[in-house]
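Asker: Residues are numbered in my numbering as their position in the sequence shown, beginning at 1, plus a constant of 1.
Honestly, the hints are just simulated from the structure, not real lab data. Note that this is a predicted model, so its numbers are computed, not measured. Misleading hints may appear alongside valid ones.
What the hints assert, rightly or not - Below, simulated EDC-like cross-link-like pairs (lysine to aspartate or glutamate); rule was C-alpha separation at most 20 Å, straight line: (1) Lys98 <-> Glu114; (2) Lys66 <-> Glu79; (3) Lys192 <-> Glu170; (4) Lys154 <-> Glu170; (5) Lys174 <-> Glu163; (6) Lys113 <-> Glu227; (7) Lys117 <-> Glu227; (8) Lys230 <-> Glu135; (9) Lys206 <-> Glu227; (10) Lys182 <-> Glu167; (11) Lys230 <-> Glu114; (12) Lys139 <-> Glu227; (13) Lys117 <-> Glu107; (14) Lys182 <-> Glu170.
Claimed, not checked - Label-pair restraints from in silico Cβ distances: (15) Thr111 <-> Lys141: 30 to 38 Å; (16) Gly95 <-> Glu200: 27 to 35 Å; (17) His217 <-> Lys141: 40 to 48 Å; (18) Lys80 <-> Phe166: 20 to 28 Å; (19) Lys136 <-> Pro81: 32 to 40 Å; (20) Lys66 <-> Cys143: 41 to 49 Å; (21) Lys80 <-> Lys141: 31 to 39 Å; (22) Pro137 <-> His76: 28 to 36 Å; (23) Lys66 <-> Ser123: 21 to 29 Å; (24) Pro81 <-> His217: 43 to 51 Å.
C-beta: ideal position from N, C-alpha, C; glycine also.
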Amino acid sequence: VEDLVFTIHKVLYKYLDKTSEKPRAKSNKTHPKMIAKIIMPPDKISEKEIQMLSCAYCDYKSSRKDHLVSHIRTHTGEKPYKCTQCDYRTTTGGELKRHLSVHSGEKPHTCKECGKCFRLTSQLTIHMRTHTGEKPHKCKMCDHKAKTSGQLKLHSLIHTEERPFECSECHKKFKCITYLKFHRRIHTGEKPYKCIECEFCSTTKTALNLHIGRAHNTEKSVPCSECTKNFKTFKHLQMHMRTHTGEKNYK
Numbered sequence: 002v003e004d005l006v007f008t009i010h011k012v013l014y015k016y017l018d019k020t021s022e023k024p025r026a027k028s029n030k031t032h033p034k035m036i037a038k039i040i041m042p043p044d045k046i047s048e049k050e051i052q053m054l055s056c057a058y059c060d061y062k063s064s065r066k067d068h069l070v071s072h073i074r075t076h077t078g079e080k081p082y083k084c085t086q087c088d089y090r091t092t093t094g095g096e097l098k099r100h101l102s103v104h105s106g107e108k109p110h111t112c113k114e115c116g117k118c119f120r121l122t123s124q125l126t127i128h129m130r131t132h133t134g135e136k137p138h139k140c141k142m143c144d145h146k147a148k149t150s151g152q153l154k155l156h157s158l159i160h161t162e163e164r165p166f167e168c169s170e171c172h173k174k175f176k177c178i179t180y181l182k183f184h185r186r187i188h189t190g191e192k193p194y195k196c197i198e199c200e201f202c203s204t205t206k207t208a209l210n211l212h213i214g215r216a217h218n219t220e221k222s223v224p225c226s227e228c229t230k231n232f233k234t235f236k237h238l239q240m241h242m243r244t245h246t247g248e249k250n251y252k
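Just need the whole structure built from these sequences, with the hints factored in.
Answerer: Here it is in structure tokens:
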């Protein structure tokens, strides 16, 4: 940040020389109005822009210095906030505080509709859309709508043949990094999902739910992760999931 302030001062003095203005007394701080003048000609500066602090790396602007400092760290890679329980590091104290709930197991945010608890307010907000049916993210290529930006990004791959995620073991390619993660378990033998009724283990949560439905429960017990519906078989769940992704059943 000190280097950034020095650079701003250097540019500021050059600007003042060109406009035949005498530079003011040196200071360790640069006023937001001066920074705004560096970014654009004085006759094009609005009152709102005069109050904004600007990033030297991109077009980001903020009226708060602490926000600008945090933003600059996304360019420099600096992560000064470190978790004392693991190797996690982050750019802000707020992000570290949210991360610590992973270790404590605390889930203070409760859904008023079904009682399910979440670590983060953002997780609760997304979950609430299963009750309200809200899908604010719309595909630009078709009429499909999604609950989250991640789901929309996954859906968007339907409109392209791009498969950017490649397995380092067998070079098979996938449209989604989540699918690649599941696929890698074929090579590693990892089966993190364990049945509480027997010794069955699986590579995915969906496969575990399918096992429970077949082996331990005759009722519909394969739940959809996107809504509240349940299905008796994984095949039925797969067909249902296409209503969320926008994929056609038959081509």
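Asker: Where does the structure disagree with the numbered hints, that is, which hint numbers, in rising order?
Answerer: Failing hints, ascending: 1, 4 and 16.
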